[in-house]
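Undergrad: Each chain, letter by letter, is given below.
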Amino acid sequence: MPAADTLAVDMASRRILVIALLLGALAPVAAGPRATQDPVNVTVTEMLELYDLGEFEIVRDAVRNASRGDLSVVLTALKRDADAWIRADGDAPRGRRRLAAGVFALEVADAALDGQWLDALDLLEWACGLMRSQPRGSEIERTFHLAGIALIEGARDLRALDGHLIHVKARFPDEPRILLAQAFKAETEYWRLFRSLDFGYDGGDASIAVPALRKAAARKENGREVNLRLGFLAFQEDAYDVALSDLAKVPPGDDPGQLYLAHVIGGWALEKQKKANEAIHAYRAALEAIPGGQVATLHLSAALYATDRRAEADALVEAMLRVDPPPPDPWRIFGYGDYRRLPMLIETLRKGIQ
Amino acid sequence: MTRVMGILVVLAVMWPATDFSRVHQTFRSSAHGVGVTVSVRNRNAPVGGLSAADFELTDNTVPQTVTAIALETTPLDVTLVLDASGSMAGGAIEAMRKDVRTITGLLRPDDRLRVVSFAARAIEVQPMQLRGETVSPLPIEAAGATAFFHGLIAALLQPSAPGRPHVIVVISDGADNLSLLDGTDVRELARRSDAILHVVRRQQRSGNVRLILWGWFPFTGLAGLSDVREAAEATGGRLLSEDVSRPLPEAFKRTIDEFRAGYVLWFTPAGVAGPGWHDLTVKVKGRNYDIHARRGYFGG
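Chains A and B, in that order, are what the protein sequence lines are. The first sequence lines up with residues 1 to 354 when you count with my numbering. The second sequence lines up with residues 1 to 300 when you count with my numbering.
Note that these hints are calculated values from the structure, not bench results. Heads up, a few of these hints could be off.
Claimed, not checked - EDC-like, lysine to aspartate or glutamate: derived pairs with alpha carbons at most 20 angstroms apart:
#  : chain 1 : residue 1 : chain 2 : residue 2
1  : A       : K274      : A       : D241
2  : A       : K275      : B       : E72
3  : A       : K215      : A       : E175
4  : A       : K274      : A       : D238
5  : B       : K253      : B       : D173
6  : A       : K169      : A       : D157
7  : B       : K253      : B       : E56
8  : A       : K215      : A       : E189
9  : B       : K98       : B       : E188
10 : A       : K274      : A       : E288
11 : A       : K274      : B       : D243
12 : A       : K79       : A       : D122
13 : A       : K272      : B       : E188
14 : A       : K272      : B       : D227
15 : B       : K253      : B       : D110
16 : A       : K275      : A       : D241
17 : A       : K275      : B       : D243
18 : A       : K274      : B       : E188
19 : A       : K351      : A       : D255
20 : B       : K285      : B       : D110
21 : A       : K272      : B       : D182
Assemble the whole structure, with the sequences as input and the hints as a guide.
TA: The following block contains the structure:
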């Protein structure tokens, strides 16, 4: 097996092989010399096999570890070997295997998002083609495409987003998230970081983003996310009453990050209005949605500190700093559109495989 | 012409004035007394040998009677706040680890050091502990966006231990591109903090801010720096700009040496209302020192 076709993983990832051996999936590996080498080489088809068996977390961890290296080898191997792997077990499981290969590719692309986006995009396009190879679109395929949108928004690659939206529209013309993705593009213009040579930020142009978001709100499925984003734009424009009104239309749903952000931004708007106690209440609500969220913890602590409740503020920050790793904070990726939803979408796709 | 420079580092702290033996037991706010740390410099040289009689201190313009104690032998608590964002990956973070080891060596055995790193999130990589108990090498990895203000605020919100002056030294080479809280918040919190805040901004020789690719939040140019400067000065600390090529421990050593050469002025507020903001001024009698002092404190 050529080295370029393998995914190098470190010693910690040997457990993949152990599990695979227990499952009897990698008998040839056990017999071969690779099992005693360091680093261990695991083929992409072996990873697919494990993924298809439901060992999602182990495969994902191994891919993330390997993402420090060169993931383009995975792309090459998937393109060459996946089709044979999908057909290898007969007709019955072919749909499931196709989905497993597609979702595995999504996971790899996500791992490569920060450092190897162009390779990740290639992989995503390959997987997208794989999913569109069936004559009719299914709900699981729809979920796959939504995950694709989320990933591309995570990379803020607006050009790739256009291309992907064409695919989605062709398969699912009524998909409401298409409107939201188009609004994301307008919103990205607002957040464009380097607007002038001196790196100054001139405040963005809400006149482009707001109409696009309102258009997206025409579909009620988008309502909560649109109101969250409109609320933040209003906050940025110092329109705190408007912001609070929009954010109040973000009720609890299936996305705790959405609720967390609505409470954090709402709390901040209340602080700007000198309503410290209401702001503190909002920050506490945010922490109910995402316990330990650092941004809400810092806002809450700062508000408590400023109102002479220092003991509680001290304790909150002290505890916050000692959690390693800290829980993911939705604020960190608020500017990346639907990327916040990617873990939920991948979870749905994994269930589809099982 | 001889230019006399003085830098006064002031820490507003409170203690029960009726029991002087407890002065070093309670630096936190109480209704009884205030402790103000002061360092005085003359042409960049610390001025030693001053006594309470040399100082004039006013609280909301009302002169106060002070007692002075030299800080030279007082054990310090130091919180080192380090930028571990993606821009520090590679050689820079390795150099920082080495710098922290050197900085640790500059402390005295009874000083304590806490290390907090920040990127997109802030983490305490070493709790406050005596110099000899420090972990080496520190588990700091560089990655992600720069939540500079969040890191700074997390440090300011840490409690100061009774009886131990608390110096926060924040070191960053970049600009914030993620924090929701900003320089205004830092300024407000600094006024209430017991700690002395020093911020060392490491910059490229060209003076340009490097591109930051990991954060998404609008970078607001350098406007936040004036707030950071005000915040540091409000606590009696300073904003320092250092070329990245200069050894970091040098700046740290200057800061700590300056602090150690100072004094604590203690007074029981007299003739002023207790609650709310108190403006402080500190002078050295008969001397035209250029005084840089903490601007005040919140009364209980």
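Undergrad: All the hints need checking, so say for each whether the structure fits it.
TA: Results of checking the hints against the structure:
no. : hint            : verdict
1   : A:K274 x A:D241 : 13 angstroms, holds
2   : A:K275 x B:E72  : 44 angstroms, violated
3   : A:K215 x A:E175 : 14 angstroms, holds
4   : A:K274 x A:D238 : 14 angstroms, holds
5   : B:K253 x B:D173 : 19 angstroms, holds
6   : A:K169 x A:D157 : 18 angstroms, holds
7   : B:K253 x B:E56  : 29 angstroms, violated
8   : A:K215 x A:E189 : 17 angstroms, holds
9   : B:K98 x B:E188  : 33 angstroms, violated
10  : A:K274 x A:E288 : 23 angstroms, violated
11  : A:K274 x B:D243 : 40 angstroms, violated
12  : A:K79 x A:D122  : 10 angstroms, holds
13  : A:K272 x B:E188 : 13 angstroms, holds
14  : A:K272 x B:D227 : 17 angstroms, holds
15  : B:K253 x B:D110 : 16 angstroms, holds
16  : A:K275 x A:D241 : 12 angstroms, holds
17  : A:K275 x B:D243 : 42 angstroms, violated
18  : A:K274 x B:E188 : 14 angstroms, holds
19  : A:K351 x A:D255 : 18 angstroms, holds
20  : B:K285 x B:D110 : 33 angstroms, violated
21  : A:K272 x B:D182 : 13 angstroms, holds
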